[in-house]
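Trainee: Below are the chains, spelled out letter by letter.
2 protein chains.
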Amino acid sequence: MVDVYTAYPKGRVALREVGLRDGLQLTKTWPTTAQKIDWVDRAFAAGLRYFEVGSFLPADKVPRFADVRDVIAAVDRHGAHGVALALNQRGATDALATSVPEITVVVSASAAHNEANVRRTQEQSLTEIANVVRLRNEAGRDTIINVGIATAFGCSISGHVPEDAVMAMVDRCFEAGVHMVGLADTVGYAGPRQIASLCKRMQQRIGDLPYVVHLHDTRGMGIANAAAALDAGCRVLDASLAGLGGCPFAPGASGNVVLEDLVYLCETKGFGTGIDLEKLIDIRGLLAEALPDEALSGALARSGPPQFEWRA
Amino acid sequence: MVDVYTAYPKGRVALREVGLRDGLQLTKTWPTTAQKIDWVDRAFAAGLRYFEVGSFLPADKVPRFADVRDVIAAVDRHGAHGVALALNQRGATDALATSVPEITVVVSASAAHNEANVRRTQEQSLTEIANVVRLRNEAGRDTIINVGIATAFGCSISGHVPEDAVMAMVDRCFEAGVHMVGLADTVGYAGPRQIASLCKRMQQRIGDLPYVVHLHDTRGMGIANAAAALDAGCRVLDASLAGLGGCPFAPGASGNVVLEDLVYLCETKGFGTGIDLEKLIDIRGLLAEALPDEALSGALARSGPPQFEWRA
Numbered sequence: 001m002v003d004v005y006t007a008y009p010k011g012r013v014a015l016r017e018v019g020l021r022d023g024l025q026l027t028k029t030w031p032t033t034a035q036k037i038d039w040v041d042r043a044f045a046a047g048l049r050y051f052e053v054g055s056f057l058p059a060d061k062v063p064r065f066a067d068v069r070d071v072i073a074a075v076d077r078h079g080a081h082g083v084a085l086a087l088n089q090r091g092a093t094d095a096l097a098t099s100v101p102e103i104t105v106v107v108s109a110s111a112a113h114n115e116a117n118v119r120r121t122q123e124q125s126l127t128e129i130a131n132v133v134r135l136r137n138e139a140g141r142d143t144i145i146n147v148g149i150a151t152a153f154g155c156s157i158s159g160h161v162p163e164d165a166v167m168a169m170v171d172r173c174f175e176a177g178v179h180m181v182g183l184a185d186t187v188g189y190a191g192p193r194q195i196a197s198l199c200k201r202m203q204q205r206i207g208d209l210p211y212v213v214h215l216h217d218t219r220g221m222g223i224a225n226a227a228a229a230l231d232a233g234c235r236v237l238d239a240s241l242a243g244l245g246g247c248p249f250a251p252g253a254s255g256n257v258v259l260e261d262l263v264y265l266c267e268t269k270g271f272g273t274g275i276d277l278e279k280l281i282d283i284r285g286l287l288a289e290a291l292p293d294e295a296l297s298g299a300l301a302r303s304g305p306p307q308f309e310w311r312a
Numbered sequence: 001m002v003d004v005y006t007a008y009p010k011g012r013v014a015l016r017e018v019g020l021r022d023g024l025q026l027t028k029t030w031p032t033t034a035q036k037i038d039w040v041d042r043a044f045a046a047g048l049r050y051f052e053v054g055s056f057l058p059a060d061k062v063p064r065f066a067d068v069r070d071v072i073a074a075v076d077r078h079g080a081h082g083v084a085l086a087l088n089q090r091g092a093t094d095a096l097a098t099s100v101p102e103i104t105v106v107v108s109a110s111a112a113h114n115e116a117n118v119r120r121t122q123e124q125s126l127t128e129i130a131n132v133v134r135l136r137n138e139a140g141r142d143t144i145i146n147v148g149i150a151t152a153f154g155c156s157i158s159g160h161v162p163e164d165a166v167m168a169m170v171d172r173c174f175e176a177g178v179h180m181v182g183l184a185d186t187v188g189y190a191g192p193r194q195i196a197s198l199c200k201r202m203q204q205r206i207g208d209l210p211y212v213v214h215l216h217d218t219r220g221m222g223i224a225n226a227a228a229a230l231d232a233g234c235r236v237l238d239a240s241l242a243g244l245g246g247c248p249f250a251p252g253a254s255g256n257v258v259l260e261d262l263v264y265l266c267e268t269k270g271f272g273t274g275i276d277l278e279k280l281i282d283i284r285g286l287l288a289e290a291l292p293d294e295a296l297s298g299a300l301a302r303s304g305p306p307q308f309e310w311r312a
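Protein sequences appear in the order of chains R and D.
Take 1 as the starting number for the first sequence in full-length UniProt numbering and just add one per residue.
Take 1 as the starting number for the second sequence in full-length UniProt numbering and just add one per residue.
Excised from the complex, chain R in its bound form (with noise of 0.2 angstroms):
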C-alpha cells in the first residue's frame, strides 16, 4: 500500500503534483477537463508518478473539480499513483466509490486553524478521519488513507505551532487508523531548521515508514526547506508545476513550492526524481493557456537548466 512510495529505487525521490488540486484550488479559471487530461498525460510522459487529481466536493457548489473521476481515470490509464483530496465522510465515500488508490483527509496542528478552515474542532475533525478509515475499511479496500496536518510549521491565526502539539497529532493521526500523514507548511512560515527539526522527530516516531512534506513558498524558502527535508530523510515532497496554488488563511501566499526547481534541486543534491526537465517545463505553456490569469512562478523555466550535464 505505502510502498507505492518506498517502491522506488535507493536513492530517488517521490515528488507529488499538487498542482491538479491544491493548484487549482484558488484560481480565477480552471483547465477544462481535456487541459487536465492532457497536463496529466504530458506530466507522465516527463516522468511524474504521483498525482494530486482533485477534491471530492459537490460538484454543483465547486466546479472545478466536478471532473475528478477523469483526472482518476487519466492518471490510471499511466498505471501512475493518484491521490484525491476528501474534506468529510461524504467526499470519502465518493472517492472509495471510484479507484483513486489514496485518499487525502486534512486537520489543522493549530486549532484556530482547524475551526477557520473546516469549521470543525480537531477533535471533530479527528473523529471524521476515524470515520473515513472505517468506511474505508468496511468497503474493503486497500486505499491509503493520509493526513495531511496543515500548519504543522505555523499558523497565520494563532502563531507558532509547538512541535510537541504537531507530534501528538501525528499520534492521534495514527491512531485514528491512518497509514500516512504529511506535514504542511500551509501558510510558509518554516525554516530550514524547523523543517530539519521536525522531520527528525518523524523519523524517530515513524522509522522508516513514507510521509510528506508539503511546503508552500510563501516567504521564499521552498526550496530551502525541501533541501532540509531531503537531508532530513524525506523522500516525499509535493510541489507544483509552476508553483501554483496559495491558502485562503496565507494572505500574500505564492503557492506551492515549484516542481521545475525541486527537480532541479533533488537532481544536484544525487536524489534522482526520474523527472525529464525540459519537457516539464514544456507543460508551462498549457498552464499559460488554461489559466490566463494566474502568474506561472519558477527561476528554472526561465533561464532553462544548464547546458551541460548537471545531474549529480
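Keep in mind that the hints were calculated from the coordinates and are not lab data.
Treat the hints with care, as some may be off.
[What the hints assert, rightly or not] Below are the DSS-like pairs computed for lysine-lysine, each with C-alpha atoms no more than 30 angstroms apart in a straight line:
1) D:Lys-28 x D:Lys-200
2) R:Lys-10 x R:Lys-61
3) R:Lys-10 x D:Lys-200
4) D:Lys-279 x R:Lys-200
5) R:Lys-10 x R:Lys-200
6) D:Lys-279 x D:Lys-61
7) D:Lys-10 x R:Lys-200
Assemble chain D onto chain R, guided by the hints.
Mentor: Chain D in isolation, oriented as in the chain R frame:
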C-alpha cells in the same frame, strides 16, 4: 583588517548589500546620486553594515558608477564598511585614492569565462591581482584586497568547473598576496550539495579566515544554497535588495539572491543579522521609483514577515 567580517558577535552573519554595484550593472536606468545615498542611509538604518558601493571604471564610459566616491562617503558617514570593484590596476589606483576599506578584483575559475568577461587569460588576471596588491602596499594602505572567484560552481561557456580548479585559484590568489577571496555562483548553476562541498574545502584551506559566498538565484537555488553555505560555516554572504542584478553571460539570470528573503532564512536558522526586515522591505519603494524598468524579486516583501515572533 578582515576582522571587520569576524568582529560580529558569535552566531552572527555578515550580509553584504551588493545592489549598488552588482545590482546596477545591467539596469536600463540607474538611481541618482541622491537616491543612492538615500538607499545607503535607509539600509544602514535597517541594520545593513556592509555595502558594495560601485565600480571604479572610466566615468565617461560607465556613467552609472561615476558617483562611486559619493556612495563611499555615504557609507563612511555611518562608519559602515564599503567595498569597491576594480577591474584592473587603473581602477585600483583610483580606489586606493579614496577611503574605501576594501577592493574587490575578479578572476574566473573557468578560463573561457575569464577571457569572455575581462578579455584576459587567467594568468594575466593573476598578474593584475598581484599588481593591485603591490599598489596597495606601496600606498601604505590597509585596504582589504578581496578576489571574487567567478564561475566557482559552473560556467555557461565551459560547463562543469572542477573543485580542484577553484581551490587552485584560491591558492594562486593568496600567493598573490590578497587578504580574502569569495566564491561566486556567477551563472546560478550551483546546488546546495556543491556549495557545501566547496565551502568545506575552503574551511580546510583557510580555517577561520572569513570568505564570501556570492549567489545568484538564476535557477531558484539561491536561498537553499545560502542555507548550505551557512551550514558549512560561511559567515559572509552577498545579496541584493529585491534581487537586483544579473550577468551578461548568464542568459535569463534573475539576479542576486534576494536580501530580504536571505535575512528571513538567516534568522530562522538562528543566525542574527541585526537587520530590521520591515525597514528593509520599505526601501523597495525607493528602488521601484529609481528603477522603473526593473522587476523587483523576492517572496518576503510580498507576503510580509509572520505576524508573530519568528526569529529562532
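Trainee: Each hint should be assessed against the structure and marked as holding or not.
Mentor: Here is what the structure says about each hint:
1. At most 30 angstroms may separate the alpha-carbon atoms for a hinted pair to count; Lys-28 of chain D and Lys-200 of chain D exceed this at roughly 38 angstroms.
2. Taking the CA atoms of Lys-10 of chain R and Lys-61 of chain R, the gap is near 43 angstroms; set against the 30 angstroms cutoff, the hint is violated.
3. With a C-alpha separation of about 26 angstroms, the suggested pair Lys-10 of chain R and Lys-200 of chain D falls inside the 30 angstroms cut-off, and the hint holds.
4. Pair hint Lys-279 of chain D plus Lys-200 of chain R does not hold up; C-alpha atoms about 35 angstroms apart against a cutoff of 30 angstroms.
5. The straight-line distance between the Cα atoms of Lys-10 of chain R and Lys-200 of chain R is roughly 20 angstroms, inside the 30 angstroms bound, and the hint therefore holds.
6. Of the supplied pair hints, the one linking Lys-279 of chain D and Lys-61 of chain D is violated, its CA atoms being roughly 35 angstroms apart against a limit of 30 angstroms.
7. About 26 angstroms separates the Cα atoms of Lys-10 of chain D and Lys-200 of chain R, which keeps this hinted pair within 30 angstroms; it holds.
Going down the numbered hints, you'll see the structure goes against 1, 2, 4, 6, while the others check out.
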